[in-house]
Amino acid sequence: MPTLDGAVDAASDEFKANEAALLEQIAQVEKLQAEALAGGGEKYVARHRKRDKLLVRERLELLLDRDSAFLELSMLSAANTEFHTGASSVHGIGVVSGVECVISGHDPTVRGGSSNPYTLGKSLRAQDLAKENRLPLVNLVESGGADLPNQANVFVVGGKWFRNMTQLSKLRIPTVALVFGSSTAGGAYVPGMADYAVMVKERAKVFLGGPPLVKMATGEESTDEELGGAEMHSRVSGLSDYLARDELDAIRIGRQIMAHLNWRKLGYGPTEPADTPQFDPNEMLGLVPSDPKKPMDMRPIIARIADGSRFDEYKREYGTSLITGWASIHGYPVGIIANQQGVLFSEEAHKATEFIMLCNSYDQPIIFLHNVTGYMVGKQYEQRGIIKDGAKMINAVSNSTVPHIGVICGSSYGAGNYGMSGQSYNPRFLFMWPSARVSVMGGEQLAGVMSIINRAAAERRGEPFDEEHDAMVRQMIENQINQEEQAIYMTARNRDDGIIDPRDTRTVLGIALSAVHSNVVEGTTEWGIFRM
Amino acid sequence: MTMTRLAKILIANRGEIAVRIARTCRELGIGTVAVYSDADAEAPHVGACDEAVHLPGVAPGDTYLRQDLILDAAARTGADAIHPGYGFLSENAEFAAAVADADLTFIGPPPSAIASMGSKIEAKRIMKDAGVPILEGVEVGGLSDGELADAAAQVGYPILVKASAGGGGKGMRIVESADDLLDAVAAARREAAGAFGDDTVFLERYLERARHVEIQVVGDTHGNVVDLFERECSIQRRHQKIIEEAPSPAVDTDLREAMGKAAVDAAKAVGYEGAGTVEFMLAGREFFFLEMNTRLQVEHPVTELITGLDLVRIQILIAEGRELPRDVCDPTMRGHAVEARLYAEDPANDFLPVTGTLHHFRFPTHVRLDTGVTDGSEISVHYDPMLAKVIAFAPTREEAALALAQGLEEAEIYGPTTNRELLVRVLRSPEFLAGDTDTGFLDRMDVVALSAPLGEDPAIHAFAATLADQARRRSRAAVQGTIPSGWRNAASQFQVQNWATSAGELTIGYRFSRDGLIAELDGRPVEAVLHRALDDSVDLTVDGVRRRFSVFSMGDQVWVSSPLGHSSMTRLSRFPEPVIEEAPGSLLSPMPGKVVSINADVGSEVAAGKTIVVIEAMKMEHAVRSPVDGIVASIPVAVDQQVDADQVLAVVEATEGDGSE
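If you read the sequences in order, they're chains A and B. Counting from 0, one number per residue, gives the positions in the first sequence under numbering that gives the first Met the number 0. Counting from 0, one number per residue, gives the positions in the second sequence under numbering that gives the first Met the number 0.
Worth flagging that the hints you see were computed from the coordinates, not collected in a lab.
Computed, partial: chain B to chain A, Cβ under 8 Å:
id : residue
1  : A476
2  : Q479
3  : S484
4  : W486
Just so you know, even glycine gets a beta-carbon here, dropped at the ideal spot from N, CA and C.
Generate coordinates for the entire structure from the input sequences, incorporating the hints supplied.
Written out as structure tokens, the structure is:
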């Protein structure tokens, strides 16, 4: 297979400026990651430790196979909102006793591990990942339940979580609850709806209503232990399947459960050599233009992602603002669709449609590398049927059944976001680089469009146009959009699976591809009507 | 005597000597047959030979000493000669005769020579007649206590009490004064009787500061007998040689000539044919005949290395009836060779033999290794605990000694305790290097100090072992095998491994970042660069020094070797066994029920598995048994009593010291 020439001039001023700008953005992300890692802060961490309890990430690390990877997802959920960065929970893809699974845990040092709307978004996403990719789901439970002042935003939607649990079970995707502490009221259904429940002696507390609520409801006097202790649930109610002597024992039992699942992945990969690319991944930093108006050359980027930098490019000379072709990543065959010039014309839409159909014919997962500003507008393009062509591409993307994994490298604007399998198109995984920008269009464009419309309206009404006011409004809109389109803003709102360091792209895609291969990887030949 | 060409030799021995003989046979194009006991079914000497015959049983008396079985094995395989090696049947005149009677060639001296030299007293008489200097001895059979004391006074103290038959230090006693004489003689007799079936002992003068110097001789069937210089074997423990060398630092050309002549005379006196060794005590320039070993000697390799000759080849040539080759008749000394015998034994504990599995056994290539064990060999109580002979050759004595010490120090010996440390320290000691050796050498040394562990760095070794474990886990990962080790998109902590080492429990923390390895050894950050890690070797720079570490793992036991030394350590689980909360030995009722019988008394001794109490529940009887050997401390229930689930029925205290496994 041909090899991409990914050589770059790492000494050029442009490269260095790009690198500096991206490192600055990475630093902002890392600062927020540190907030998530710090949990509820020193005071609450100290209190938790004083109770002789492990932190959620310590539980997680012990659960994982030694030296295996952990891809933490949605780590910056709720960043820069009223809630704590990380949304008082941790979830990601890890390997337990040789089984890839989704691990989801509450961070009890952050408001008792209670669920706010962002937490719920993460939890539901964790279940999606488990269901779509057929990954066992392990819950590390210790939570005060719903964040009560926010119950209005949690309660109704939260019901879906319970429903998902039973559906996972029906799909024969195992769910495990390791209960380290409080898991009451709605939280009681976490072990209640899991296939396997492990409770830590003298620590787990699982009941619908605690002593005060019971007293209120029926006048009965009761204790925590009688209502929901681990011993009671293990010996009397049978809600607990394993009585763990302590936290380590619970984690050990969790590993044992995974070891005995007789688990087999259903995907066919990896099937190709997984040799490393021929170019230094650290040079990714200089490949992302610091000015979003400048095009991003995707070939050197692919050369730093693909095994051995090999890339079989499809229709290289046709529809050149989109790159399509085949490669493998960590041995998994993939089709890659990458925006080379931002805008999509009819040719690019045709090319993408055909390529998506081919990948479906041969069961190849598709990697989308976004840097798209939208479908081309203008008389010539409308008249040549850009809408029909965009619709073809969206039809193909929507009905494709091979796994889609997206990386938003730069812009992802307008219907281009849809055509590139944006979040509404259920990609199995969607990551953003810190340089990503996601919105209906760029701030400057959006503000300009608004200004033209306002000017036309003023003219129609015969009113004078207030230029000064217009300039102010334009600036406000531009500022707002510029903020809202940022990767951190979007990821905080659970609009992706997390921001990744561009240098880690190959590793992250490798883990994601391995995860999607837990399920059957199978394309389709069934599509909606392609408008010709 | 006619000349025959041997086509197939049965090696009536085991271990390193059988392997060593097979090697020369192969080089000469001669087929080989091994014999092996039950315990040796997988032993290297079996694989070293072309064919093998099983000798059922384990004890030497049932196997390697069974003349009939060995002759049968030779017949079965069509062997035309038998090489007895050393020990076992090598100095058994009756066997040598039986071999000849079976029309087979015995690779060794004629039965008459074996018989003459087999009795020390008889041997001395012959030597005295031949003009070879001897120490006068007195046989003490049939003497009264008074006569014994008189005889002893005549010999002069200190006196050595020796068994007439056998050797190897068994039945030997040094008596400093008349007070200890009677006890020593009695003890020597008992030992001699036990070891050789002959309680004849004799007394001789004990030479202080004497060296053990022996001469290698070879004689052919044409009347040629030559000496191949001396070996010194003064470094002994419990009268057994552990370090041997050639030439002796105490022997000059004149003395060598005199001793060589005496040895040749001795051999000729008994009509010696084949390879043999005439042992002398050397005190100053005075030497006295000790005994003659009518076989290949354990320490023959040092002679081979200094002369460039192959003594097994020479034995075979002689057995074939050939004349000694010219290079044998006119031998030259090319340098100095030192041999160390590596034993599975604990020098600090009175050199007691140690048994167990030898998991891994590697030596550097600059030394000669004669061994009959390999990775996985069981070191049992049945045979000699010698693991190997390690021999170094160099232009000078000091170079050879230091090369040997280096080879022993570098060797990877993972399994039973050995005398390696002692050997290394002796070889490097100023006394040894000065050539100041005599048979009392080790008695003057602090054996416990000599056998203390050689240096090691448990923390760095635990670090290397951790990285090797890491590499093994990554290479065997069922999924995501090509993803970087321990990869995290946002690392919150180290990967942690705890070890039980000679320096106590150590914690190794590590993780791989974009910039490489980050690590803490017991909380101390170290600068580390990992160049390469495999499951059995690690190439690692720690604090600016790059070293190669070899790592070997057997279950949770891990051994690490490097220029820093050797470490043995135990991998500790991330999930230590939870603490058992019930009082140890409490037997709990498995379910609610009724006590139907009590089958033990309080205070009685019970074996593990013994039923203590029987419970009836739901029409089924459940026996509650003791999990350990121990003593019943209490039975707080009575027959017909109703009991709850988990109620204590009895307490059994494990017998002291019996809980170990």
